Structures are given as C-alpha cells and as structure tokens.
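Novice: Here is what each chain is made of, one letter per residue.
Protein chains: 4
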Amino acid sequence: MHHDNHAMDACIQACLDCHRSCLATVSHCLAKGGSHAEARHIQIMLDCAQICIVCADFMIRGSDHSAHLCRECAEICRECATSCADHSDADDMMRASAAACTRCADECAKMAA
Amino acid sequence: MHHDNHAMDACIQACLDCHRSCLATVSHCLAKGGSHAEARHIQIMLDCAQICIVCADFMIRGSDHSAHLCRECAEICRECATSCADHSDADDMMRASAAACTRCADECAKMAA
Amino acid sequence: MHHDNHAMDACIQACLDCHRSCLATVSHCLAKGGSHAEARHIQIMLDCAQICIVCADFMIRGSDHSAHLCRECAEICRECATSCADHSDADDMMRASAAACTRCADECAKMAA
Amino acid sequence: MHHDNHAMDACIQACLDCHRSCLATVSHCLAKGGSHAEARHIQIMLDCAQICIVCADFMIRGSDHSAHLCRECAEICRECATSCADHSDADDMMRASAAACTRCADECAKMAA
Numbered sequence: 194m195h196h197d198n199h200a201m202d203a204c205i206q207a208c209l210d211c212h213r214s215c216l217a218t219v220s221h222c223l224a225k226g227g228s229h230a231e232a233r234h235i236q237i238m239l240d241c242a243q244i245c246i247v248c249a250d251f252m253i254r255g256s257d258h259s260a261h262l263c264r265e266c267a268e269i270c271r272e273c274a275t276s277c278a279d280h281s282d283a284d285d286m287m288r289a290s291a292a293a294c295t296r297c298a299d300e301c302a303k304m305a306a
Numbered sequence: 194m195h196h197d198n199h200a201m202d203a204c205i206q207a208c209l210d211c212h213r214s215c216l217a218t219v220s221h222c223l224a225k226g227g228s229h230a231e232a233r234h235i236q237i238m239l240d241c242a243q244i245c246i247v248c249a250d251f252m253i254r255g256s257d258h259s260a261h262l263c264r265e266c267a268e269i270c271r272e273c274a275t276s277c278a279d280h281s282d283a284d285d286m287m288r289a290s291a292a293a294c295t296r297c298a299d300e301c302a303k304m305a306a
Numbered sequence: 194m195h196h197d198n199h200a201m202d203a204c205i206q207a208c209l210d211c212h213r214s215c216l217a218t219v220s221h222c223l224a225k226g227g228s229h230a231e232a233r234h235i236q237i238m239l240d241c242a243q244i245c246i247v248c249a250d251f252m253i254r255g256s257d258h259s260a261h262l263c264r265e266c267a268e269i270c271r272e273c274a275t276s277c278a279d280h281s282d283a284d285d286m287m288r289a290s291a292a293a294c295t296r297c298a299d300e301c302a303k304m305a306a
Numbered sequence: 194m195h196h197d198n199h200a201m202d203a204c205i206q207a208c209l210d211c212h213r214s215c216l217a218t219v220s221h222c223l224a225k226g227g228s229h230a231e232a233r234h235i236q237i238m239l240d241c242a243q244i245c246i247v248c249a250d251f252m253i254r255g256s257d258h259s260a261h262l263c264r265e266c267a268e269i270c271r272e273c274a275t276s277c278a279d280h281s282d283a284d285d286m287m288r289a290s291a292a293a294c295t296r297c298a299d300e301c302a303k304m305a306a
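Protein chains in written order, with this note's numbering: chain A, 194 to 306; chain B, 194 to 306; chain C, 194 to 306; chain D, 194 to 306.
Mixed in with the good hints, there may be bad ones.
Given that identical chains are not distinguished, each listed pair holds provided it fits within a single copy or across any two copies.
[Said to hold, decoys possible] Here are the computed lysine to aspartate or glutamate pairs in the DMTMM-like style, where the Cα-Cα straight-line distance is at most 25 Å:
#, residue 1, residue 2
1, Lys225, Asp210
2, Lys225, Asp257
3, Lys303, Glu265
4, Lys303, Asp210
5, Lys303, Asp197
6, Lys225, Glu265
7, Lys225, Asp197
8, Lys225, Asp279
9, Lys225, Asp202
10, Lys303, Asp284
11, Lys303, Asp282
12, Lys303, Asp202
Simulated from the structure, these hints should not be mistaken for laboratory data. Keep in mind it's a predicted model, so treat the numbers as computed, not measured.
Looking at chain A on its own, in the form it has when it is part of the complex (with noise of 0.2 Å):
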C-alpha cells in the first residue's frame, strides 16, 4: 500500500501528541487517587503511551512493519479512548486524553495493515 509523506507525517505527529497525552493523564489520575488510580485505567494509558512511541520510531525509521503496528496501536488507542472517556470521574484531562487517543487511532487505522 502507498501512503504519502504527509499522511505518514500526520500519522507520527498524533502518535507523538497521545504519547505524551497519556503519560502525563497517568500521573494525573494516580495523584487524583481513589477510582482515577485503579488499575486497569493506569494499565492502559501505559500500555498506550508506550505502542504510541513506538509506533511513530517505525514509521520515523521507515519501517517495512510499521503498518502492523499501526494497527496495533489504533485498536490499543480505542480501548484507552473508552477508558479515559467512560469513566466513571472523567475529568478535563481524561477527556482530552480520550481525543488525542481517538485522533492517533483514526491517523493509525488509515496507516494499518
């Protein structure tokens, strides 16, 4: 499949941007305590922020694989998505976690193979 440089550039960006979303929602959610820091929430966003990194370092190097990480990581980034989004104490920071998850999936998915 071809993809141009800027939908790959595209691409990168949001998986830099939930990234760095997800880390810093993980700190907020285990200072807020209580249902913020259960964990299957907290699993998730690292497991997120980590597939995220790697993810763009594939594309970033030009790798053949990058496609099947792509895929990985749109359907790692729904799942955070809903969890950030459906809590049950979600806050401004868990609701923009959730967009920049739902973005990088969107980016991810049109990359995925």
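For this one, chain A is given, so just place chains B, C and D on it according to the hints.
Specialist: Chains B, C and D alone, transformed into the frame defined by chain A:
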C-alpha cells in the same frame, strides 16, 4: 488462551536477551562497516531490539495486548535472524544474534495470538 | 576510566533485571491498591524501570555517555529501593524489587562517572 | 528551582522534535552510506534520539529527576549537533537535525540542574 507463568517467564527472558543481543550487534556491525553497515541490515536489528523490549514490557505488565505484541515480535525476530545468519559476511557475533532471535521468535510464537 | 567487560556485563544484567522487577511491581502495586498505589511510589518505580533500560542500552551500545547514565541510574535505584523497602505495607514482591534496585545501584555506582 | 509550565512545555516539545529528527536522520544516513554511516555518527544520533524521549518522559511524568536528565540530554544534544553540522558531507537533512539538537540542548539547559 491460558499460559502458565513459567512459559511467560521464559518468553520475557528471551525477549530481554534478544533486545540486548541485537542492540550490541548494531554497534558491532556499524564498527565493522562495509556490508555489515547496510541500511536494511541495521534497520531490521533496530526494529528487532525495540519490538523485543516492548513485547517484554507488555508481558511484564500483564497486559491483555501482550499476545498481539508476541505475534509481531516473532515475525520481526524471524526476519532479523535471517538478516544476520544469511548475511554474506556473517561472523560469530551475528550468528549468536541470529540464535537469540530464533529463540525469541520460538518463545513468542508460543504466546502469540 | 577503564572497566573490564565482566563488570559491564554484570551491570547491564543488573539493569535489565531491575527494569523487569520494577515494571512488574508497578502492576502488582496498582492491583493491590490503597497505599501501594500512592502516586509517589508508582512514579519512582516508573522512573526506575525506564532509567534502568536506558542505562543498559547505553552500555550495550558502548556509548561514551554510559558512565553518566550509570550515575543517574544508581541514584534513582537507591530512591526506588527505599520507596519499596520502607513502605509501610511492604510485601514479598516489594522486598524483592528493593533488592533488585539495590543490586543495580551497586553495579551502576561502580561504572559511574 | 522553579520552572513555569510554559518553559517545561517548550522543553518537552523540543525533546520530542529532536527525538523524531535524530531517528529519521539515522535512517537517512544509513541509506546514504559511506561517511554518513560511520559508527560514531550513527551512534551519537541513536544516543541522542533515546535520551531525548527519556528526558521528555521524565518531564511529562513530573519526575523529581527530570532536571538531571535535562542536563545529560543537553550535553548529548550538543555533541550530536556537532556530529551532524560539522560532518564533511553534511546535507540539508543533517543540518536540520543539527538545528533540532541545538534547540533541544538550549531548552534542556534552561531546565537542567
């Protein structure tokens, strides 16, 4: 799918070993230069070193997504093993790295979904 | 400063072990909740897990900057060991993690500049 | 030391940009080969790409150790900028990478301890 702890422990260790082996071989091959420093060969080792540590991390965290990462890791490890073992100038370090990749691919294949 | 290969090998392995131990303990403590999931405790384990793998990678690549990373890694490992061992609810897994941190701090201190 | 949020935001973004720029230039230089693929040049770019993302992550998490990472990151970025800008065969991509390294070094120096 159920995996006993022993199988996952072995897979995590194989990923950590392969990460170390591939990253060391990148430096070794860059220092040797010539055909050792060919872009495709260095790139697949960088891909392999990174997917191995990420795959290990997902298993260590007990992530629901670790089986998917194991599937991707196995595929990249097989390609890296071939790049090292079939290289026209393969030396002892590259053969050792190919062996670490093959072991990691085998362990990851058992855990993959 | 000259370091024989054996000392650096031991330090790399201690870093990989500590990375694994701290990352596993993050998940363990998040699952236990309560005081185990306190922000400062989880955060220092995330810092420790990350500096350990980075420090290992710099040594594996043979980087000129690895001694600086070892100095920083030793400092963070000591703080993480304290956070685990002195925790009011320390359990076996946290004590094992504290031991891995202390071993890693000791090895890194030998390689530090 | 107190840093306003704006200064740290700028530093995090400079680290993410430099990570991306250096990793892309590794692939670019490996593909060009010859003097571009010299071990020392590729290695400092790999060091720089890694310390930049780690430094960003420590700041994003709000870690107490981020000032130390910034100090190390500034040092490695300066060395990488020199390796790119002073390279006998420097091309546009290497000059752009040198500029990203210099910006990142400047931002990190402000945050360093």
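Novice: Work down the list of hints and note, for each, if the structure agrees.
Specialist: Do the hints match the structure? See the list:
Proximity of Lys225 to Asp210 under the C-alpha cut-off of 25 Å is restricted to the intra-copy arrangement: shortest distance 22 Å within a copy versus 30 Å between copies. Only between protomers do Lys225 and Asp257 lie at most 25 Å apart by alpha-carbon distance; the minimum there is 18 Å, versus 41 Å within a single protomer. Taking the shortest Cα distances, Lys303 and Glu265 sit within 25 Å of each other both inside one copy (12 Å) and across copies (19 Å). When the C-alpha separation of Lys303 and Asp210 is checked against a cutoff of 25 Å, the pair qualifies both within a copy, at 17 Å, and between copies, at 23 Å.
In the homo-oligomer, the alpha carbons of Lys303 and Asp197 lie at most 25 Å apart inside one protomer (11 Å), although the nearest pairing across protomers, at 36 Å, exceeds that limit. Taking the closest pair of Cα atoms, Lys225 and Glu265 never come within 25 Å of each other, the shortest separation being 29 Å inside a single copy and 28 Å across copies. Taking identical chains as interchangeable, the C-alpha atoms of Lys225 and Asp197 lie at most 25 Å apart only when they sit on different chains, with a minimum of 21 Å there against 42 Å within one chain. In this assembly of identical chains, the alpha carbons of Lys225 and Asp279 lie at most 25 Å apart whether taken from the same copy (17 Å) or from different copies (23 Å).
Taking the closest pair of Cα atoms, Lys225 and Asp202 come within 25 Å of each other only across two copies (21 Å); inside a single copy the shortest separation is 34 Å, beyond that limit. Within a single copy, Lys303 and Asp284 get their C-alpha atoms no closer than 29 Å, and across copies no closer than 32 Å, so neither meets the 25 Å cut-off. Proximity of Lys303 and Asp282 under a CA criterion of 25 Å is satisfied in neither setting, with 31 Å inside one chain copy and 37 Å between copies. Taking the shortest alpha-carbon separations for Lys303 and Asp202, only the intra-copy value of 12 Å comes in at or below 25 Å, while the best inter-copy value is 29 Å.
In the structure shown, a violation is registered for the earlier hints numbered 6, 10, 11, in ascending order.
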